[in-house]
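Colleague: Respectively, the protein sequence lines represent chains A and B.
Each residue of the first sequence is one higher than the last, beginning at 1 in my numbering.
Each residue of the second sequence is one higher than the last, beginning at 430 in my numbering.
If you are wondering where the hints come from, they were derived from the structure by calculation, not from laboratory data.
Built from N, CA and C at the ideal position, the CB exists for glycine as well.
One or more of the hints may lead you astray.
To be verified - Straight line, CA to CA, 20 Å or less: simulated PhoX-like cross-link-like pairs of lysine-lysine: (1) B:LYS669 x A:LYS277; (2) B:LYS742 x A:LYS240; (3) B:LYS839 x B:LYS440; (4) A:LYS277 x B:LYS706; (5) B:LYS669 x B:LYS742.
Said to hold, decoys possible - Not everything, but these chain B residues come out facing chain A in the computed CB check (under 7 Å): (6) TRP642; (7) ILE704; (8) VAL705; (9) ALA707; (10) GLY708; (11) ASP709; (12) TRP710; (13) ALA711; (14) SER712; (15) SER713; (16) ALA716; (17) TRP717; (18) ARG723; (19) VAL730; (20) SER734.
What the hints assert, rightly or not - From chain B, some residues computed to sit far from chain A (all C-beta separations above 10 Å): (21) PRO432; (22) TRP475; (23) PHE829.
Protein chains: 2
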Amino acid sequence: MSPLSEEAKAKITQSVADGFDEQIAYTQELIRIGGQRGHETDVMDWVFKQYNNRGWNPIRIEMDEGELSQHIGAGRFSETHSRVPIIIGTHKPKGEAKGKSLILNGHLDVVPLGPADMWKADPYSGLIEGDRLYGRGAGDMRSGAAANVWALDALRRIGLQPASEIILQAVVEEESTGNGTLMAHLKGYKADAALIPEPMQEQLVRANVGVLWFQVEVRGRPVHVREMSTGTNAIDASMKVIGALREMEEEWDQRYSSQQYFQDEKHPLNLNVAIVKAGDWASSVPAWCQVDCRIAIVPGVSAQSAADEIEKKVADFAANDPYLSQNPPKIRWNGFFSEGYVLEPGSEAENVLRRAHQQAAGEELTTQTSTAYIDARVHSLYDKIPAMVYGPIAGDIHGFDEWVSIESVKRVTTAMALFIAEWCGVEEM
Amino acid sequence: MSPLSEEAKAKITQSVADGFDEQIAYTQELIRIGGQRGHETDVMDWVFKQYNNRGWNPIRIEMDEGELSQHIGAGRFSETHSRVPIIIGTHKPKGEAKGKSLILNGHLDVVPLGPADMWKADPYSGLIEGDRLYGRGAGDMRSGAAANVWALDALRRIGLQPASEIILQAVVEEESTGNGTLMAHLKGYKADAALIPEPMQEQLVRANVGVLWFQVEVRGRPVHVREMSTGTNAIDASMKVIGALREMEEEWDQRYSSQQYFQDEKHPLNLNVAIVKAGDWASSVPAWCQVDCRIAIVPGVSAQSAADEIEKKVADFAANDPYLSQNPPKIRWNGFFSEGYVLEPGSEAENVLRRAHQQAAGEELTTQTSTAYIDARVHSLYDKIPAMVYGPIAGDIHGFDEWVSIESVKRVTTAMALFIAEWCGVEEM
Numbered sequence: 001m002s003p004l005s006e007e008a009k010a011k012i013t014q015s016v017a018d019g020f021d022e023q024i025a026y027t028q029e030l031i032r033i034g035g036q037r038g039h040e041t042d043v044m045d046w047v048f049k050q051y052n053n054r055g056w057n058p059i060r061i062e063m064d065e066g067e068l069s070q071h072i073g074a075g076r077f078s079e080t081h082s083r084v085p086i087i088i089g090t091h092k093p094k095g096e097a098k099g100k101s102l103i104l105n106g107h108l109d110v111v112p113l114g115p116a117d118m119w120k121a122d123p124y125s126g127l128i129e130g131d132r133l134y135g136r137g138a139g140d141m142r143s144g145a146a147a148n149v150w151a152l153d154a155l156r157r158i159g160l161q162p163a164s165e166i167i168l169q170a171v172v173e174e175e176s177t178g179n180g181t182l183m184a185h186l187k188g189y190k191a192d193a194a195l196i197p198e199p200m201q202e203q204l205v206r207a208n209v210g211v212l213w214f215q216v217e218v219r220g221r222p223v224h225v226r227e228m229s230t231g232t233n234a235i236d237a238s239m240k241v242i243g244a245l246r247e248m249e250e251e252w253d254q255r256y257s258s259q260q261y262f263q264d265e266k267h268p269l270n271l272n273v274a275i276v277k278a279g280d281w282a283s284s285v286p287a288w289c290q291v292d293c294r295i296a297i298v299p300g301v302s303a304q305s306a307a308d309e310i311e312k313k314v315a316d317f318a319a320n321d322p323y324l325s326q327n328p329p330k331i332r333w334n335g336f337f338s339e340g341y342v343l344e345p346g347s348e349a350e351n352v353l354r355r356a357h358q359q360a361a362g363e364e365l366t367t368q369t370s371t372a373y374i375d376a377r378v379h380s381l382y383d384k385i386p387a388m389v390y391g392p393i394a395g396d397i398h399g400f401d402e403w404v405s406i407e408s409v410k411r412v413t414t415a416m417a418l419f420i421a422e423w424c425g426v427e428e429m
Numbered sequence: 430m431s432p433l434s435e436e437a438k439a440k441i442t443q444s445v446a447d448g449f450d451e452q453i454a455y456t457q458e459l460i461r462i463g464g465q466r467g468h469e470t471d472v473m474d475w476v477f478k479q480y481n482n483r484g485w486n487p488i489r490i491e492m493d494e495g496e497l498s499q500h501i502g503a504g505r506f507s508e509t510h511s512r513v514p515i516i517i518g519t520h521k522p523k524g525e526a527k528g529k530s531l532i533l534n535g536h537l538d539v540v541p542l543g544p545a546d547m548w549k550a551d552p553y554s555g556l557i558e559g560d561r562l563y564g565r566g567a568g569d570m571r572s573g574a575a576a577n578v579w580a581l582d583a584l585r586r587i588g589l590q591p592a593s594e595i596i597l598q599a600v601v602e603e604e605s606t607g608n609g610t611l612m613a614h615l616k617g618y619k620a621d622a623a624l625i626p627e628p629m630q631e632q633l634v635r636a637n638v639g640v641l642w643f644q645v646e647v648r649g650r651p652v653h654v655r656e657m658s659t660g661t662n663a664i665d666a667s668m669k670v671i672g673a674l675r676e677m678e679e680e681w682d683q684r685y686s687s688q689q690y691f692q693d694e695k696h697p698l699n700l701n702v703a704i705v706k707a708g709d710w711a712s713s714v715p716a717w718c719q720v721d722c723r724i725a726i727v728p729g730v731s732a733q734s735a736a737d738e739i740e741k742k743v744a745d746f747a748a749n750d751p752y753l754s755q756n757p758p759k760i761r762w763n764g765f766f767s768e769g770y771v772l773e774p775g776s777e778a779e780n781v782l783r784r785a786h787q788q789a790a791g792e793e794l795t796t797q798t799s800t801a802y803i804d805a806r807v808h809s810l811y812d813k814i815p816a817m818v819y820g821p822i823a824g825d826i827h828g829f830d831e832w833v834s835i836e837s838v839k840r841v842t843t844a845m846a847l848f849i850a851e852w853c854g855v856e857e858m
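This is chain A alone, in the form it adopts within the complex (with noise of 0.2 Å):
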């Protein structure tokens, strides 16, 4: 693998400008499909369409429960999880590969909407206004599943394609359990790095939390609200739960302190408490409360020692309390069970990615310590390989009037097809 000449770097960066008014219709038209959780199969056909166009020979592979729940890093299934089938298509050098593989991983799953109302305008549209895309899954990473296509057919246009295996991997999933990018590992396949364009501001992710979902139900006797004082309500003992994992958060922070690329961070951690559901009528003392929670923790921590010590919390909280006691709070592993990784610095496949970004950005490739859950936890534990996650700048993300920058991704885009044509080299067609 030798640097791109002037001449190649060139043509790849003006072959992404012509194509880019198409990509970004493409990008509108991925928004405009939308399909929340369970409901992607009208985006995926779409996606499977657009690689059998390309010769990718895209095929489907199912949710297959049995195997996924056999894996340490498996999501939690419950009944809202997609039982969409992934897409992998695959693209084979004509002869034998001449440079490395690739993995290029993109989910389609989106988070829900919100009031719809707070949005300034319908969330599937598409909206461009100046430089910025709106639209749930602009950022978060619809955009980056086109790139994953674009950057190919940006090398296609100028008569080029890989001269080694690209993998494409279309996933769902992503946003609640990591079981689809994992389904493709169960599946074998492997490539020598893997690159995922989420909308990360333009850096690379040096390091990433691992994810665990759990709901705390508090079940209780239900009186009428005029004998309060002999019933205990669900929601104040829920929350009082909350508080003691609150503490447990803030002690994980303390003790993760000095944790390596975790430094600077100030919450790494987050619990978020993000969904309540409670009772039914408001002259009921509520004797019912699910609060559905999400907390962090650093790479190196396994899923299951940290669900072990929360729920060793929420028990010795609830020991000490006379109504929990008597009605222990229920936990429940509903989603992401997922460890954190480092993407260790150094390897090829990050320096051929920081000279595609200067050359496409014009700056240095800079890093960040991801607080949020990714799929390449999956290439980087399991399949052992460069996992880079690297997109575009974007906006209120999981937000209102998500957005994402139009011109970040051109660069992205270039980006990513220059690193491919190093990484991978290119052949004629």
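Please arrange chain B on chain A, whose structure you already have, making use of the hints.
Modeller: Frame of chain A, contents of chain B only:
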């Protein structure tokens, strides 16, 4: 009006006993028909038929939102407000009234079940075990609604009927707005006294709180959990608002601690934090949270002045909070908006009920202060008549395994029949 003869008392008592198996079967049928808020058509149709069979010329009265919303004591409409008409039946004496007229009021609406698996039997089965009849509404108050009918049936069984007008009010919305009984008031139905057999442990309600329902909603800017510090968790923000309201609750309990009839109550004005709905994704910082609350006020305090104080408390608290001042909580009044009342002691109606209860139960009638809403406030405040709430022993009202004591229902029905005979007088059919 003169006390009943010993012979009359004995005959009426025996007649209640003779019909009691049928009365319980009728009550079980009422429980089995079920009917949650807004879905009371079947049970009300059944009651209509029962009234009709007895010659009470029942009529249906629609909920008139326009008319109701003009009234100071109307509960606030929401999309869950029942549109099922109330039923008014009327018994007319043969000729001119020889005694006093009476309203017999009972509500057929019930509160939700909660998780069905926390009931020991189907909540609509009408299960009997020993002295207990179980089911949603068993106590509150289908057994009472049945007693209204069967107290009159007991007279009929021995060839008697009230010698004055009886207005039977079968209503809905007692559990949420009080608009059913208020609708009867607005249509001009009135009598010399009212009796409501709510499950009051065979006591008479001397004083009763007013009740207000409201929803606090906080909405903010949601962000990905990795940016948690830049957004604010709407659940946490809402709980802070609730904390401020709990301070106010304490303050009210202090302020009214020497209020007549409320001195012995520890927390008469309970703020019930009853329903929470917040967030939709475990890895998104929740951007909205709705908390439904119920609070009580002592008699003499208007609902409007209490509402004003609540709104001011929340606004003042929000003004001093960095986040809430930018995202002011909204308060939505979505149910009860009612004043409390006092049953002035010494009325002739009360004296007659005292004699009837003594006869039926073998002990003095005692009184209680009710810290839950009752429709009698309509008769007391707006009809300006003695409104007596007196009914059977029951338990787990609004809870799981709600029950009513069968023997207590018999005593109460006997007392009611004796009361009617003395208050209204009787005549041969």
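Colleague: Are the hints correct? Go through all of them and say.
Modeller: To see whether the hints hold, each was checked on the structure:
1. Of the supplied pair hints, the one linking LYS669 (chain B) and LYS277 (chain A) holds, its CA atoms being roughly 18 Å apart against a limit of 20 Å.
2. For a cut-off of 20 Å, the pair hint linking LYS742 (chain B) to LYS240 (chain A) is broken: about 24 Å separates their Cα positions.
3. A hinted pair counts as satisfied when its Cα atoms are at most 20 Å apart, and LYS839 (chain B) with LYS440 (chain B) qualifies at roughly 15 Å.
4. For the hint linking LYS277 (chain A) to LYS706 (chain B), the alpha-carbon distance of about 5 Å falls within 20 Å, and the restraint holds.
5. Proximity of LYS669 (chain B) to LYS742 (chain B) is assessed by CA-CA distance (about 12 Å); at most 20 Å being required, the pair is judged to hold.
6. The restraint placing TRP642 (chain B) at the interface with chain A holds, with a minimum CB-CB distance near 5 Å, inside the 7 Å limit.
7. For ILE704 (chain B), the shortest C-beta to C-beta distance to chain A is roughly 4 Å, which falls under 7 Å, so the interface hint holds.
8. The beta carbon of VAL705 (chain B) is positioned within 7 Å of a beta carbon in chain A (closest approach about 4 Å), and the interface hint is therefore held.
9. This hint holds: ALA707 (chain B) has a C-beta 4 Å from the nearest C-beta of chain A, less than the 7 Å allowed.
10. Because the beta carbon of GLY708 (chain B) sits about 4 Å from the nearest beta carbon in chain A, less than 7 Å, this interface hint is met.
11. Proximity of ASP709 (chain B) to chain A holds as hinted, the smallest CB-CB distance being about 4 Å (cut-off 7 Å).
12. Restraint check, TRP710 (chain B) versus chain A: the minimum CB separation of about 5 Å is within 7 Å; hint holds.
13. With a cut of 7 Å, the hint placing ALA711 (chain B) at the interface with chain A holds, because the nearest CB-to-CB distance is about 4 Å.
14. Hint status for SER712 (chain B) relative to chain A: holds, with the closest Cβ pair at about 5 Å, below 7 Å.
15. For SER713 (chain B), the interface hint holds, the least distance from its beta-carbon to any beta-carbon of chain A being 4 Å, beneath 7 Å.
16. With a least beta-carbon distance of about 6 Å to chain A, the hint placing ALA716 (chain B) at the interface is held under the 7 Å criterion.
17. For TRP717 (chain B), the interface hint holds, since its Cβ comes within 7 Å of a Cβ in chain A; the closest pair sits about 6 Å apart.
18. The interface hint given for ARG723 (chain B) holds, since its Cβ lies 4 Å from the closest Cβ of chain A, which is under the 7 Å cut-off.
19. A cut of 7 Å between beta carbons decides the hint on VAL730 (chain B): the least distance to chain A is about 18 Å, and the hint is violated.
20. Violation of the interface hint for SER734 (chain B) is found here, the shortest Cβ-Cβ separation to chain A being roughly 20 Å, above the 7 Å cut-off.
21. The beta carbon of PRO432 (chain B) is kept farther than 10 Å from every beta carbon of chain A, the shortest such distance being approximately 34 Å.
22. Chain A leaves TRP475 (chain B) outside its interface by the beta-carbon criterion, the shortest separation being 24 Å against a cut-off of 10 Å.
23. For PHE829 (chain B), the shortest C-beta to C-beta distance to chain A comes to about 7 Å, within the 10 Å cut-off, and the non-interface label is violated.
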